[in-house]
Structure formats: C-alpha cells, structure tokens
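So the sequence shown is numbered by the working numbering: it starts at 2 and just counts up by one.
Hints are not guaranteed to be accurate.
The following label-pair restraints were derived from C-beta to C-beta distances [as the list claims (entries may be wrong)]:
no.: 1; residue 1: D69; residue 2: R22; range: 26 to 36 Å
no.: 2; residue 1: L23; residue 2: D73; range: 15 to 25 Å
no.: 3; residue 1: D57; residue 2: G4; range: 32 to 42 Å
no.: 4; residue 1: G56; residue 2: G4; range: 24 to 34 Å
no.: 5; residue 1: D57; residue 2: P5; range: 27 to 37 Å
Hint data in this document are derived by calculation from the structure and do not stem from the laboratory. For every residue, glycine included, the Cβ atom is placed at its ideal position computed from N, Cα and C.
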Amino acid sequence: MSGPMTQEMEARLKEAFSPTRLEVINDSAQHSGHAGDDGSGESHFTIVIEAPQFGDMNRLARQRAVIDALGDIVGERVHAVAIKASAPTV
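My request is simple: use the sequences and hints to build the entire structure.
Listed below in structure tokens is the structure:
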C-alpha cells in the first residue's frame, strides 16, 4: 500500500501528463538515518514516467516539467526525487 505522499504525487503527475507509464517508488527505507530522512517514511522517491508530451523535450526539460507538476512537494515536503522521464516509443 502506498502512503499519502506517493498517492499525491501520482495524482498530480496523472493530471499534468496523462502518462502511459507511471511508477512512484518510495526509496525512503534505503535512506533511513541519512540527511533528509524526516522519519515519515516518505522522504526519498524515484519517479519513472512516460508521456507523449516529453517527445519534444530534452532530459533537463522533462525533469523540470515533472518538478513543476509536483509543485511544493519537491524540496519542501520531500527531500529527494530521482526522475526518469521519457516519451513512449513507437
């Protein structure tokens, strides 16, 4: 079962991109006791997202678009997010 932060990130990304693939992976357990671990169990994530909008964007633009869609989550409510964004292949 995913926590509330995972669910909120999924909802925001689905609304912004209607992705063909979306995985929000909670990596927090791997960072227990490290910097940024706030004890919530939802401090570090990996996002794997595939959406048609990313087709004309370079890697940096894709990452910025994802961060923009997440709004106040990255840096304020979550310590770290790794982003793997791509366009669907034909």
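We went through each hint and held it up to the structure:
A hinted range of 26 to 36 Å is violated for the C-beta pair D69 and R22, which are about 19 Å apart. Between L23 and D73 the C-beta distance comes to about 20 Å, which sits within the given range of 15 to 25 Å. Between D57 and G4 the beta carbons are some 34 Å apart, a value that agrees with the proposed interval 32 to 42 Å. G56 and G4 have their C-beta atoms about 31 Å apart, which keeps the hinted 24 to 34 Å range intact.
For the hinted restraint 27 to 37 Å between D57 and P5, the CB-CB distance of approximately 33 Å keeps it satisfied.
Hint check: a violation occurs at hint 1 only; the rest are consistent with the structure.
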